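S.K.: The chain contents come next:
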Amino acid sequence: MMNEATKNIYEDIPKEMFELAQQDETLHDTKLETKARGYFADALVRFRKNRASVIGAWIIFFLLLFSLLSPILSKYTVRDQDKYYVNYPPYIRSIAEKKIGIFDGAAVHASQNEAAMAQWKAVAIETGYDPLLKILETTETVSLYRGKERITKTYKIQTNKYYEQGMIFRVLSFQEFEDIQKWQDETGIQVIYPFVEAKDIKDITSANVWYQVSDNKGTPKYDKEGNFIPAYSTNTAKEGAPYHSKRLENDPGNWIYSMQKSGAVQCRVCYYNYYTYVNGHEPMYIMGTNSMGMDLFCAIGIGSRFSIIFALLVSVINLTIGAVYGAIQGYYGGAVDMIMDRIADILYEVPFIVVSTLFQLHLAPKVGVVPSFLFAFVLTGWIGMAALVRKQFYRFKSQEFVMAARTLGASDWRLMFKHIFPNAIGTIITSCALTIPGVIRSETTLTYLGIVNIADFAGTSLGTLMSQGQTSMTSSPHAMFFPAMYFALLLIAFNLFGNGLRDAFNPSLRGVDD
Amino acid sequence: MGKYVIKRLIFMVFTLFIITLMCFVLVRMLPPAELPPGDPHTKIVEARREALGYNKPYLEQFGIFLKNVFTKGDWGVSDVLYFGQDVFAIFVSKLPATMIVNFYSIILSIPIGIALGIWAALRKNTWVDDTISTLTMALISVPSFVYAFLIQYFLAFKLGWFPFLMKEGTDWFSWPMFVSMIPAVLSLSLGVIAGFTRTTRAELTEVLTSEFMLLARTKGLTKVQATVRHALKNCMVVIVPSIFGEFISIIGGSLIIEKLFSVPGVGQLYLNSINGRDYPLFMLLTVFYTAIGLVAAIVVDISYGFIDPRIRMGSKK
Chain U
5 MMNEATKNIY
15 EDIPKEMFEL
25 AQQDETLHDT
35 KLETKARGYF
45 ADALVRFRKN
55 RASVIGAWII
65 FFLLLFSLLS
75 PILSKYTVRD
85 QDKYYVNYPP
95 YIRSIAEKKI
105 GIFDGAAVHA
115 SQNEAAMAQW
125 KAVAIETGYD
135 PLLKILETTE
145 TVSLYRGKER
155 ITKTYKIQTN
165 KYYEQGMIFR
175 VLSFQEFEDI
185 QKWQDETGIQ
195 VIYPFVEAKD
205 IKDITSANVW
215 YQVSDNKGTP
225 KYDKEGNFIP
235 AYSTNTAKEG
245 APYHSKRLEN
255 DPGNWIYSMQ
265 KSGAVQCRVC
275 YYNYYTYVNG
285 HEPMYIMGTN
295 SMGMDLFCAI
305 GIGSRFSIIF
315 ALLVSVINLT
325 IGAVYGAIQG
335 YYGGAVDMIM
345 DRIADILYEV
355 PFIVVSTLFQ
365 LHLAPKVGVV
375 PSFLFAFVLT
385 GWIGMAALVR
395 KQFYRFKSQE
405 FVMAARTLGA
415 SDWRLMFKHI
425 FPNAIGTIIT
435 SCALTIPGVI
445 RSETTLTYLG
455 IVNIADFAGT
465 SLGTLMSQGQ
475 TSMTSSPHAM
485 FFPAMYFALL
495 LIAFNLFGNG
505 LRDAFNPSLR
515 GVDD
Chain G
5 MGKYVIKRLI
15 FMVFTLFIIT
25 LMCFVLVRML
35 PPAELPPGDP
45 HTKIVEARRE
55 ALGYNKPYLE
65 QFGIFLKNVF
75 TKGDWGVSDV
85 LYFGQDVFAI
95 FVSKLPATMI
105 VNFYSIILSI
115 PIGIALGIWA
125 ALRKNTWVDD
135 TISTLTMALI
145 SVPSFVYAFL
155 IQYFLAFKLG
165 WFPFLMKEGT
175 DWFSWPMFVS
185 MIPAVLSLSL
195 GVIAGFTRTT
205 RAELTEVLTS
215 EFMLLARTKG
225 LTKVQATVRH
235 ALKNCMVVIV
245 PSIFGEFISI
255 IGGSLIIEKL
265 FSVPGVGQLY
275 LNSINGRDYP
285 LFMLLTVFYT
295 AIGLVAAIVV
305 DISYGFIDPR
315 IRMGSKK
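Here the protein sequences come in this chain order: U and G. Here the first sequence is numbered in my numbering, starting from 5 and rising by one per residue. Here the second sequence is numbered in my numbering, starting from 5 and rising by one per residue.
The shape of chain G in the complex, shown without the other chains (with noise of 0.2 angstroms):
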């Protein structure tokens, strides 16, 4: 177990520098963005961007670059958008509201989707089998903008419950905040309770018609006892490991939620680097959803050897 975590591990870190490296000799291909004529700031930038080595081989900048992101945590200065700031504390700024939006989801959307698992599973092939599971497959398939559509539409526009986007400010925990996240955690919640409902009902399925379901009926516990005592407890080994992974994904955030709801956070962050160019933001984010991805896919293929001894971690596909 711990041979193959530090495996993992090691690989994990191997597959970010070249997907780092990558990316970076890409961004540092691109020219630089302008600077507007008769700017008061045109040497300063010219004198870091020598000291960054703009004029060197890609390698050396690289190197350059990795010496200052784990020397000086310095990730670079905003070229466009935030123009002069450090990235990094830009970054650190728009975490929360991302966190808080994805938590709230998180916390909605978990039990809702594992309830409604459950259910369709113990009614399957009855309507509110084939209800779940054709809400389900209609909320995997179409991505959430388009549902967010119809959340903005309905509850915000005609029916006035919610604000149109999220409201301004740093008040995190304050009652309006919380109102005028509500569209965009509904927006973001849809999803992973479908995705959540097909797991559980798959995974509930598939264990309810096992042998040792009957065996327990058979030694005289009730419909109920042996659900949640062996099927569920079966179940589990598949969903604890998806929580995990949700929520390490929930400082990523959703990219197009964020735009819609224009919650100030990682996500819009990211969209607006691209669209306007701003390429030390751009390659930060980038480092950091690769990462994300990577620790994610790690925490939920490790968790299962904790929750399920009997998985043997490490053994040839």
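Bound-form chain U, shown alone (with noise of 0.2 angstroms):
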């Protein structure tokens, strides 16, 4: 009976008897002071002082922006090979005419004899292009000819490569020749010059040569005040095709612009102008031309974009199987960890070269180049990552927490990932930040070697350009310095960066090895 009663009375408080125990006081510790910071803020703070880390992190940015933009502010692709502006240094014209010596084309030319400075001389005459540039060194050799002293000059020279290209003979179709005549009188930009035959110059098959020679090595005559005499053809009857547009300032009216050729013309073209006709811009390249004819600024900032993607790509896929793999190894140990363990070792002990040669020979034709590389470095690469975690669920498997989770039912796969994976994330991001440029290392080294050739899916790729620099390093240096420049870079860069980032998320780690 009391029992009910009590309840009874318990059972109908009326509400007005209730009070709030507290409603404008809190029960909690007293509050901090300072705002509360995350693992990935504490992180964040730790990285920003490490200033190699940050140095890191802008030349990445930067690095990243030149691929993005590069390609897009490039007048080129990489499909736009020159055949004549092959292996030519850095030129913007704008920036040469102010002849501050860079961007200027130049290149030095050593041992040059009187011939062919008047040779340089004509073509600067003929096409308002001076291709010299500077006269670095004068020789003076002293010879007996014929029982007589005889002084002979030799020049080192720097010319402008581009100008030096001077003209071209070229086999027009009546079409074109008459579109270039109609450009020229829009552009008043003179392109097709009047033409030379060969037997007119003793016949020097060089289309630079337009004035009267006196013997086949080009000495040139020259008139009473020292000029060149022109040498250009008068013979009508052979002349290709009618030209009305544009002549040559002096000229008399009878010389031809074009010759005979069957079902078409051959013509002088002044290649620099020529080049703007068929591009509808001057050359401009801001890194130079490479040995295939590739403007370099464009081609390093596609071959990049290729490399970081793909190195991305890999790291992710990487990353997934190796968290996978390890958290089983891990997270279950015993049999299945040392079976797991065994087949990881095996794997990893193939070198990476055998590798992607057989995927290269076997998979490639079948689904073609990219994704038999992305294969290759898919089937070892994910091992690393996979000891990393199979490490950290070792350590964290036994704690407290993990026992409390499963006392609550959790079932293995959400211990695994639900709680015991979150903490082994910043292993895992500091892993990824070293994983990228070691997959653009290797990556670029196999395209260099040429074991893996990317170039007919993304155009070209560091390595491929830096061997295509390779075989012309001692004439011009630019075409490798650029992108091997580029990619030590990235690779510095991309190094420090992880570096930062292991100190920052693993503060006990500091310095292990760096």
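Be aware that one or more of the hints could be misleading.
[To be verified] With a cut-off of at most 25 angstroms between alpha-carbon atoms, the simulated SDA-like pairs for lysine to any residue come out as follows:
hint : chain 1 : residue 1 : chain 2 : residue 2
1    : G       : K162      : U       : S476
2    : U       : K53       : G       : G309
3    : G       : K227      : G       : E250
4    : U       : K370      : G       : P61
5    : U       : K53       : G       : T138
6    : U       : K422      : U       : I106
7    : U       : K53       : G       : K227
8    : G       : K128      : U       : K370
9    : G       : K7        : U       : M342
10   : U       : K370      : G       : L275
11   : G       : K162      : U       : A111
12   : G       : K7        : U       : Q216
13   : G       : K7        : U       : I350
14   : U       : K228      : U       : Q216
15   : G       : K11       : U       : N239
16   : U       : K228      : U       : M342
17   : G       : K162      : U       : I106
18   : U       : K250      : U       : I350
19   : G       : K237      : G       : E250
20   : U       : K250      : U       : N239
21   : U       : K395      : G       : G280
22   : U       : K206      : U       : Q216
23   : U       : K370      : G       : T213
24   : U       : K53       : G       : T213
It is worth saying that the hints were derived from the structure and are not from the lab. Note that the structure is a prediction, hence the values are computed from the model and not measured.
With the hints as a guide, dock the two chains, each given alone in a separate frame, to form the complex.
M.R.: Structure, rendered in structure tokens:
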């Protein structure tokens, strides 16, 4: 009875009798003075303090910006491969005209004799583009020639490679010939120059000799004032097609501007201006051209884009596979761990070059070069990540929070990826940041060696560019230098960045191996 | 210890076997090198392929391959590059160049690497340390062919100190040969120097802060005495095994450096066999490179135990 009575009392307590215990005060501990900082925020603060890694991060940012923008900014694509402007140094006309020694397409020519110098001068007079930038050295040699002392001068000069090309012979269709004439009238730029027949210049085949010569070495004849005497053909009988456009200033009116050729016309064109006609703009190569005649500025951007995207993709795939594999290994332990570890051990020992070669031979014809290359990276790439995750799992799996979750009935899968895995995330991010440069490095090395050729898919790659640069290293070091510099900076920056991340996420590991 | 070594060796042989088998099957699945039409050797080559079991199951082919290797030391004859020659003989003839170049590089780089590492560690957080660490970092990040380019361009081309490529011939120990090897040796060394510098610096900085170093100083040893007798000795536990590992890998050489400086060595042979699709050669060299990797790893692991008996072998990780 007693019980029932009490129960009844407590059952019908009127609402007004209730009183809020504490409405305005809080029951918490005193609030922390500082703002709470999470794991990632904490790591970020530590990362920012590391000057080298911040610099690394900025370099990566600028390099990425470069590879994003350079193909857009460049007037060329990797498919534009000029046949004449091959291995040419950097050139931008507006800067070259300021004569400050950069972007002027400069190349050095040693031991140039008088005849050669005369030819440079002739090119300058005819085209209006003076290739000679600077005479670096003049050497005088005295020799005895038929009993007389003769002084021969040789020069070491610096020339603008783009102007050096001067004239070329070109066979044009009648239509094209007309179009160029129309273009000439519109722009006032002379592309087609009067024709010179080889018989008039002692059978010299060079397109750049337009003056009368005294021997077949190209020694010019001069008139009384010391000027070149033109040797343009007036043989109207052989003229290829009527010419009604701009003529040279000193043209007496009977010079012919083309030569018959079966079904077409042969012309002497100024290559620089012809290039402008074909491409719609003057040559502008910020980083010069390589041995394929590609614009390096654009090519480096395109090549590195592929490298970076590929590396990211490989890292993500390896991370996923490695994380799952390592998690299973670490979580279950025992026999499962041992067998899986042995499998990983065996795979790990296969030299990477063997894997990529065999994949290229077997898979590339079936699934394409890039996917098979990707498979090669994935086949052994995940092992490092798996080992890392496995270690983390061994560390965490016997801790109390795992036991608590298990007691509450969490499944294995949930325990692995909801409870233990997040604890390993710092380590994983770090190792990912260090995987990317590794992948870029191997990818570039293999394309450099020519074992894998992704040029058809990606246009070009850093490795391909470097091996192309290597072939002409002594004559045009820029073709090797620019891709190599981009590549080196990218790797160094990624490593600095990765080391910084590692130190930030695992302060206890600081300085272990940097 | 003995048990551990045996266990490791058995697993090594097993690994090598599996990898060889995989590569063998994959290589045999590819169509064999075609002979030029009307080649006088067609009959001999076909008879030989028949004997090697080219149209039998792959496992049987592998059996024949193993039998030939173990009973006759016969790794096959070259298909493309050195048509008709015994691949093992070719391989052996390429070994000296690789080994000599790499030997010079090790002789040069290990002392320099360790010395730089010690210097950096002793001057930790000064400009010396910063410079050395930055350079080390740069050298480790960038593959050797990039700085090989710089060496080739500046030392060999601009300054003209060394020939561009390695001299041909087999007079391995003559002076001109030595000079022509220097660019290759330097390019190989930079990476190794950087590696040793980094390891030494990391180990030494850690040891220098430990308590027994403090004890050594308090008992009256000078800084030099303490460093040499106590700190360095402890560092060697890590450094010496990596020296062993390095020595084993000298016979492997570097693919790229050998190609760049035209060292007539194993690495270049390997590259050529890949690019020329010379499968028997490729097979032999694959086994060779895998074996080197395995042996180097084992030697490094075992030498830890010999150098520092406190490290117990075979204990669970």
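S.K.: Evaluate each hint against the coordinates.
M.R.: Hints versus structure:
1. G:K162 to U:S476: holds (14 angstroms)
2. U:K53 to G:G309: violated (40 angstroms)
3. G:K227 to G:E250: Judged against 25 angstroms, a Cα distance of about 31 angstroms means the pair is violated.
4. U:K370 to G:P61: holds (23 angstroms)
5. U:K53 to G:T138: At roughly 17 angstroms apart (the allowed maximum being 25 angstroms), T138 of chain G and K53 of chain U satisfy the hint.
6. U:K422 to U:I106: violated (59 angstroms)
7. U:K53 to G:K227: violated (32 angstroms)
8. G:K128 to U:K370: Answer violated: K128 of chain G to K370 of chain U is near 55 angstroms, above 25 angstroms.
9. G:K7 to U:M342: OK: K7 of chain G and M342 of chain U at ~18 angstroms, within 25 angstroms.
10. U:K370 to G:L275: holds (24 angstroms)
11. G:K162 to U:A111: Cα-Cα ~15 angstroms, so holds.
12. G:K7 to U:Q216: The given pair, whose Cα atoms are some 92 angstroms apart, is violated under the 25 angstroms limit.
13. G:K7 to U:I350: Holds, at about 21 angstroms.
14. U:K228 to U:Q216: holds (14 angstroms)
15. G:K11 to U:N239: Given pair K11 of chain G, N239 of chain U is violated - Cα atoms ~92 angstroms apart, limit 25 angstroms.
16. U:K228 to U:M342: violated (96 angstroms)
17. G:K162 to U:I106: Judged against 25 angstroms, a Cα distance of about 21 angstroms means the pair holds.
18. U:K250 to U:I350: At roughly 75 angstroms apart (the allowed maximum being 25 angstroms), I350 of chain U and K250 of chain U break the hint.
19. G:K237 to G:E250: It holds: about 20 angstroms lies between the C-alpha atoms, which stays within 25 angstroms.
20. U:K250 to U:N239: Given that 25 angstroms is the threshold and the Cα spacing comes to 19 angstroms, the pair holds.
21. U:K395 to G:G280: violated (43 angstroms)
22. U:K206 to U:Q216: Holds. K206 of chain U to Q216 of chain U sits at ~9 angstroms (cutoff 25 angstroms).
23. U:K370 to G:T213: With Cα atoms ~58 angstroms apart, K370 of chain U and T213 of chain G exceed 25 angstroms; violated.
24. U:K53 to G:T213: Status holds; Cα separation ~23 angstroms.
Consistency note: the structure conflicts with the earlier hints numbered 2, 3, 6, 7, 8, 12, 15, 16, 18, 21, 23.
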